[in-house]
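Undergrad: Model the placement of chain W on the given structure of chain V, informed by the hints.
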Amino acid sequence: MDLTVIIQILSIGLTIGALYALIAVGLNLIYGTMRLLNIAHGELIMMGAYLTYSLFTGMGVSPLLSIFAVMLLSLLFGLVICAGIFLPLVKKSSSVGGLESSSLLVFFGISIILTNVACLVWSADIRGYSYLTGMVSVAGVSIMYNKVVAFGIALFVCVGCYLLLQKTMLGKAVRALIQDREAARLVGINTSVIYFFSFGTGFAMAGLAGCLLSMFYEITPFIGMPYTIVAFIVVVLGGLGNLFGSLIGGFLLGLFEAVGVSVTSPGYRPILSYAVFMLVILLRPEGIFTKRKRV
Amino acid sequence: MGRGRQLAILLGSIVLLLCLVPLAASDYHVSLVLDVLMWVALTESWIILSGYTGYISLGHSAFYGLGAYLMAMTVTSLPYGLVVILAGLLSAAFAFAIGLPFLRIRGPYFVILTLGLTELTKYVFVNMEIKLGGTVGRVIMNAPDLVILYYSILAITVVATVTAYFAKHSRFGTALLSIKEDEDAANALGVNTSMYKLLAFGLSAAFPGMIGAVLALRRSYIDPYTVFSPMVSFQVIVMASLGGISGIEGAMLGAVILTLVSEALWAQYPYHYMIILGVVMIISVKFMPQGLFHPVEQWLLRRARSKQ
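Chains as they are written, first to last, in this note's numbering: chain V, -8 to 286; chain W, 53 to 360.
So that you can see chain V by itself, here it is in the shape it has in the complex (with noise of 0.2 Å):
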């Protein structure tokens, strides 16, 4: 294969494999800590990318600016659904599995009323704007700065998490939450914070993604749901509450889907995505990255 086709390829891969990454990271922080299943994930980036809209094309504020809002809010709106919803109910349930059906509710509650807030506030048309639209040219290939600017701070926020996660005491609890709930009660590990930690991160991480891909794809209010089925993919791929897992599991979505899509044709993408995600799941359901432990 030519080194320009190789480079291109790469070059989608690695873009938007960092977006996945950074959406499957939150969406497997709530889960691995609170073991909650949070399918308005995708909503919730959609909200990030209509704020970051309104902001630009109201208030011609930088959506690089409006990372910083957007990220804060979300932030709030996970504290608030945290403490006003999840906490009782992972506090009153008794069952794993009681708590993991009642959490999916409450969250496509969620999910649908931002879809119609959405859709009542910004109506259902498609949204755009068009911001750092110049081209970047690496190795004979024209890449647009929105993509690369949105690649670096995926990439970066990504590792500051890992990093986070891994040499902090913070992360060492949130790490010792995943692993195992009571025991990490018991060592004295307070769970209401990094519940709170994991919600409010979460949900900022998402927000974060809906401002970076604003800035070259469309919006409207069904955006959502198909990121949130790419964030279970990914996490899958990794393994449920495996966050390094979802970290490379984005990376390899992405570079997947985008060596598929040059194989085959742009319409295959979604079943080859879908393909992929259900042989995981049958063939080795703990995810490709976490080691198989006896159920």
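These are calculated hints, taken from the structure and not from any lab test.
Do not take every clue at face value.
[To be verified] The calculated label-pair distances, taken between Cβ atoms and stated as ranges, are:
{"hint": "1", "chain 1": "V", "residue 1": "Phe59", "chain 2": "W", "residue 2": "Leu198", "range": "53 to 59 Å"}
{"hint": "2", "chain 1": "V", "residue 1": "Ile279", "chain 2": "W", "residue 2": "Thr278", "range": "30 to 36 Å"}
{"hint": "3", "chain 1": "W", "residue 1": "Asp197", "chain 2": "V", "residue 2": "Lys83", "range": "49 to 55 Å"}
{"hint": "4", "chain 1": "V", "residue 1": "Gly75", "chain 2": "W", "residue 2": "Thr187", "range": "24 to 30 Å"}
{"hint": "5", "chain 1": "W", "residue 1": "Gly186", "chain 2": "V", "residue 2": "Arg275", "range": "50 to 56 Å"}
{"hint": "6", "chain 1": "V", "residue 1": "Ser183", "chain 2": "W", "residue 2": "Arg223", "range": "54 to 60 Å"}
{"hint": "7", "chain 1": "W", "residue 1": "Ser246", "chain 2": "V", "residue 2": "Arg275", "range": "51 to 57 Å"}
{"hint": "8", "chain 1": "V", "residue 1": "Phe59", "chain 2": "W", "residue 2": "Thr278", "range": "54 to 60 Å"}
[Unchecked claim] Here chain W is said to cover these stretches of chain V; the calculated rule only asks that three of the stretch's residues, wherever they fall, bring their Cβ under 8 Å from a Cβ of chain W:
{"hint": "9", "region": "95 to 108"}
{"hint": "10", "region": "122 to 130"}
{"hint": "11", "region": "212 to 226"}
{"hint": "12", "region": "242 to 252"}
{"hint": "13", "region": "269 to 278"}
Quantities reported herein were computed from a predicted structural model and do not represent experimental measurements.
Cβ atoms here follow ideal geometry from the backbone N, Cα and C, with glycine treated the same way.
TA: Positioned in the frame of chain V, the structure of chain W alone reads:
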């Protein structure tokens, strides 16, 4: 008089009344009742697997879409009634085919696996349609009269409800409940859980297939994006959880209430209806996790006990 017998008499009279609807009511009211019945059937069939065993499935949309597409592709060449039955068989066969590997997967993995299944079938159909005809959608022609569709849906709903009832009040139901309580323990005691789950999955899938086939004829045009919409699965879950997932009464209650609310709001305020739906879901999980029917059931039990 036993509770089962009371229930049979109550449901029997409701069905009789429903049979009379097309004779007396306007087209608008017939379609309204048809909508209510359709959601009752979908919810009743969903609880056979997901309510009784706790395997929360988002796959109902996939079976619904499969039925709808079978109808859209064959409506001009095969008799209507035959296609409806074929749609049920096809959906059940599909569930049996994927059931063995799928039902080994538990908990949240099963939920997202079935969500993935719906999306995968949707995009398989999108690509297949592009290959076959160049366009994605299909125009529906030769649709039978509304009254015929009404009676088909009524029949499917009755069969679905009766099936859901006997799937609970039987040896089969006890096995399904044991899977919900503790699958490993049930297995250890010699319950063939894989077989029971597979049967429940197949039964549960047949009805959305048939409903999808009939409902395709209510539209003039269908495409994979609308008939494989995950909203069908989600709405069924909301209805079941609102009413209660452990029996036919709760499922029925939830489906009837939400369909009527949706009918009242949908046409004029679609976004508001969806927002209300979301709020209802959150409130019902937070304040009545066992569903609306639970307090009624408790009251009936207390009354039965005080009579003795």
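Undergrad: Work down the list of hints and note, for each, if the structure agrees.
TA: A quick look at each hint next to the structure:
In this structure the supplied range 53 to 59 Å holds for Phe59/V paired with Leu198/W, their Cβ-Cβ distance being about 56 Å. Separation of Ile279/V from Thr278/W is about 35 Å and conforms to the stated range, judged on CB atoms against 30 to 36 Å. Distance hint check for Asp197/W and Lys83/V: the Cβ-Cβ separation is about 51 Å, which falls inside the suggested range of 49 to 55 Å. In this structure, Gly75/V and Thr187/W break the distance hint of 24 to 30 Å, their C-beta atoms being roughly 47 Å apart.
The hint said 50 to 56 Å for the Cβ distance between Gly186/W and Arg275/V, and at roughly 39 Å that hint is violated. Remark: the range hint 54 to 60 Å for Ser183/V to Arg223/W is contradicted by a beta-carbon distance near 45 Å. Between Ser246/W and Arg275/V the beta carbon distance is about 20 Å. The supplied range of 51 to 57 Å is therefore violated. Between Phe59/V and Thr278/W the beta carbon distance is about 39 Å. The supplied range of 54 to 60 Å is therefore violated.
Counting residues of the region 95 to 108 of chain V whose beta-carbon sits less than 8 Å from any beta-carbon of chain W gives 12, enough to reach three: the coverage restraint holds. Coverage of the region 122 to 130 of chain V by chain W is violated [criterion: at least 3 residues with CB-CB distance below 8 Å; count 0]. Counting residues of the region 212 to 226 of chain V whose CB lies closer than 8 Å to any CB of chain W gives 4, so the stated coverage by that chain holds, three being the minimum. Beta-carbon proximity to chain W at under 8 Å applies to 0 residues in the region 242 to 252 of chain V; the threshold of 3 is not reached and the given coverage is violated.
Judged by the Cβ-Cβ criterion of 8 Å, the region 269 to 278 of chain V is covered by chain W as claimed, because 4 of its residues qualify and three suffice.
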